[in-house]
Structure formats: structure tokens, C-alpha cells
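Residues in the sequence shown are numbered consecutively from 1, following the UniProt record's numbering.
No lab work stands behind these hints: they were computed from the structure.
All of these numbers come straight from a predicted model, not from anything done at the bench.
Warning: the hint list may mix true and false statements.
[Stated by the list, open to error] Pairs of lysine-lysine residues, derived as DSBU-like cross-links and limited to a Cα-Cα distance of at most 30 Å, are as follows:
no.: 1; residue 1: Lys25; residue 2: Lys49
no.: 2; residue 1: Lys2; residue 2: Lys25
no.: 3; residue 1: Lys66; residue 2: Lys49
no.: 4; residue 1: Lys2; residue 2: Lys51
no.: 5; residue 1: Lys79; residue 2: Lys51
no.: 6; residue 1: Lys79; residue 2: Lys66
no.: 7; residue 1: Lys2; residue 2: Lys49
no.: 8; residue 1: Lys66; residue 2: Lys51
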Amino acid sequence: MKGPISNGYPNELWSTYRVLEIIRKEFGVTYHQDYVGTLLHQLGFSYQKPKRRALERDENAIETWKTETWPGIKKSAGKRA
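Could you build all of it, start to finish, from the sequences and the hints given here?
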């Protein structure tokens, strides 16, 4: 199956409403939006929301913090315990 953008949607997110529109277009069958969610769940799909990340996100600064700053904080916290 083609993705949402290939089906004319502005982004790569699927919603139950979008899925029901595709079902209606492809098979001529109409389901309630809530039932489409139930069907997807029965087929093994689960609700997943993409993580939002800031445009200003600095991956190098994050990695430095995780490898240099955090270990120091963790170590000093262990001494106080």
C-alpha cells in the first residue's frame, strides 16, 4: 500500500479517518471512524504519535551532555546518597 502522501495527504501520518477514506475509495465500503480504529487494533496496529523535536535541536550538544555532563551529575549524586 502507498503511504499517506502518495494518497494525496499533506504528511506521512495515518489517522482512522484517512484509513476509512481509503477503504471507502478502494472498496466502496463505509465504516464508522471508531470501528476502523477497532479493526486496525484487531489487525495488530497500534496508536503511535510521532515525537516532536525542536528545529533548533543540537544533536552534538545533546551527545556531549549525555557522555560528559550527565555522568558527572550522576557520580556526584551517588556520593550524597
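Hints, one by one, checked against the model:
no.	hint	result
1	Lys25 / Lys49	holds (25 Å)
2	Lys2 / Lys25	holds (14 Å)
3	Lys66 / Lys49	holds (25 Å)
4	Lys2 / Lys51	holds (23 Å)
5	Lys79 / Lys51	violated (35 Å)
6	Lys79 / Lys66	holds (19 Å)
7	Lys2 / Lys49	holds (20 Å)
8	Lys66 / Lys51	holds (19 Å)
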